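Student: Respectively, the protein sequence lines represent chains A and B.
To convert a position in the first sequence, counted from 1, into our numbering, add 2.
To convert a position in the second sequence, counted from 1, into our numbering, add 148.
Wrong hints could be hidden among the right ones.
Listed next, with one range per pair, are the computed distances between beta-carbon atoms [said to hold, decoys possible]:
| no. | chain 1 | residue 1 | chain 2 | residue 2 | range |
| --- | --- | --- | --- | --- | --- |
| 1 | B | D540 | A | S298 | 45 to 51 Å |
| 2 | B | Y457 | A | E280 | 50 to 56 Å |
| 3 | B | R210 | A | A61 | 26 to 32 Å |
| 4 | B | A327 | A | K219 | 27 to 33 Å |
What the hints contain is simulated information worked out from the structure, not anything from laboratory work.
In this text the structure is predicted, and so the values were computed from the model without any measurement.
Note that beta-carbon positions come from the ideal geometry of N, C-alpha and C, so glycine has one too.
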Amino acid sequence: MVKKVDFKRSKKWENELDKCIRCGYCYELCPLFKSYSWESDTPRGKLLMVHGMITGKIAPTQEVVDKIFQCFYCKNCSDNCSAGVPVTDILTDARADLINAGFEVQGTIVQIDEDLCSVCGVCVPLCKYDALKIVDKGKDKKKIEVDKVECRGCGLCLAACPSGAISQKEGCNVTLPELHESVKEILKKDDKKLLVFACNYSIFPGMQLSETETLVKTPYGIIVTMCSGRVAPELILDAFESGAWGVMVAGCPPEECDHDGNYKTRRRLILLKNILKELNINPKRLKLDWFSTGESAKLQQEINKFVKELENMGPIEAYVKR
Amino acid sequence: MKKVDVENLKKIVGSENATDNPVDLYAYSGDASVHQAMPNVVVRPKTIEQVQKIMRYANKNRIPVIPRGAGTGTSGHAVPIDGGIVMDMKQMNHILEIKPGDVLVRVEPGVVDDDLNRALLPYGFFYPPAPASSRIATIGGEIAANASGVRSVKYGATRDYILGLKVVLADGSLVNLGANTRVHSSGYQLERLIVGSEGTLGIVVEATIRIYPLPKFRCLGVANFNKLEDAGNAISEIITSGCQPSMLELMDGIGIVAVNKALDLGLKEVGAIILFEADGNVKEAVDFEINKMKEICKAHNGFGIELSYDAEERKRIFSGRKKLFAALSRYKEGIICTDLADDMGVPNSKIAEAAAKIHEIAKRNNVIMAVYGHCGSGVIHTKIMLDPKKKDQWKDADKVIEELYDYIHSVGGVTSAEHGIGLSKAPPWKKARADIIPMMRAIKKALDPNNILNPHKLMDAPDDWVKATDLRYRVVK
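Bound-form chain A, shown alone (with noise of 0.2 Å):
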């Protein structure tokens, strides 16, 4: 259905539209796209579709909005822009026109299940952009709001949630019941020895491959989770299960992530290597290693590292006997 638009905020961003000369280094770089590969999934397909509707080519439709609301913020797009168009302002005010135009959303944005959530409030702290909060129900009930244009899709409420009520669409391979599949997928082939939770926002990016297949085989496997804080203990402790000898969770260092979500990170896995111990597992299996963006080739010399001193350790015999 096609809503009449107001493009008051996306309308100032066309001379930087223009700007864009569709060069497509973007896209590379981009999660979404590798998630679904079609063009419409790509920053510069996204901008093209932006540009279209307030230039009046394209209608504004419920397809259109649902491409614009999918985008993670990880701004790999806008960083490495060469142009330097602000990528992600540019979808974040055609978002707010879209959603003041009344459309219904959804995409990468954060949902709330009001049946299992306890309104405890724990998420919205965690939130970096205050898209959490707690507002009046009616009749002293309450509720969480998600505000849709602030969200960022990072996913820090959703792994922190404790009564699970807040999910994500799937399709990007990064919701929980996503992650536990790809877990037990990658630790079924080539032997693999180790596990990576890799940080899509700072780290991935430098040694990311697309879905060609290298023909080398690695005793590792990686698995981009968006921020490092999306990295639950169950996730871990799955790994474990299923076979890994070691796990490592590679994220921003503390002072440089977008959503604070590697100090919530640090604290987990401190709490996770006692849990470790109590299951017979040596907590060297578990490590945590910061690396700035751009650091690919620090990232693969501590997998190699790790690499070797779980090949020293060998399988986790007790947990496995168990």
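For this one, chain A is given, so just place chain B on it according to the hints.
Tutor: This is chain B only, laid out in the frame that chain A set:
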């Protein structure tokens, strides 16, 4: 095209790999050129059999088919001027075989150039013709355009590396062209004909490619020049001096200002920069080559010369050049970078003269043009920078193109050295090469009698590039 055609195509590739959703069609309406036209459907085949079935269906129903790689073409090759089927080849992205012993690889057309090179690295090999867009450009797209890049000065273009091709023809039949050997003298070298054919003769579904052992040493140099002319003359002399640079790049003052603005690189804002590289397996030989090039630069008033063997340092020095194309959009507020007149080839002796001529023609016609590129192999990249909203600026661009190519052709240059003709370079190219157009049309007719493969491109493209399709900008005044 009818709705039933879309349904039938969905049956071939699966409904998850075909779309006629207007959003998707709009996203596939353009590439990196100024052109825009909507397809009727986009399909993503995964197998050779699917490509064959699509072609059989399209041929029977006379539906245009436009193969598409990464959509990085600069002249409108992948823009569906007559609508029809856009065939997105990126799902066919497997490296099928790496055979270092036979110095070749077999790949599907959707493999990304940088991915291939990363996969070759552990074997000590590389695939040299990488264009600047290698991080996204697909091998299939590079074959369609006979792409080349910074190393073409020593290693040549895509055509020099294609040993064999599997191609699906317009009628859906599959042919195996070429050989597995480096040379062959066994009939027409039709694989070479397909390279550079811009999707007009067949769909490449597999390529057998020659690979090259990685050199042990690479040394990159950078030299500054106050005058563009001096830099041009230095390049010409390096080429005739007996040096074998593995890279010889020029970047003019406009390009330097643009990358500084866009990327904050802090490059010295001089008249021109030359980047020169030597590679090889014997360090003394590399030293000899790089020092000789350095001396030639000095003799032509080059200064502030830096040399580096360090991979990270080389990457830093080269980063500005790698991102120059997009950075040009930042040169000045109110103007943008358009992919027009972007890759002419000139004889080695004419580099300095052509660079000066380009600036002069641009100035006279109220546009800005940067001069850069792989000048060591005669490739001059330019871009026309203009205000896209002004109607008159498109007339200015048209005048620039006419004047510029008249000059380039008059000194023995070519219209396109590595990006292809497509739509926007067709008018000057057709004017210059009227003699070969009947022969090209005869070949096209023999292989694609119903004219369904990327129709109305190259020799059949419209004579007015501005009106050939919608422009992707909003022209208002």
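Student: Of the hints given before, which are not true for this structure?
Tutor: Every hint satisfied by this model.
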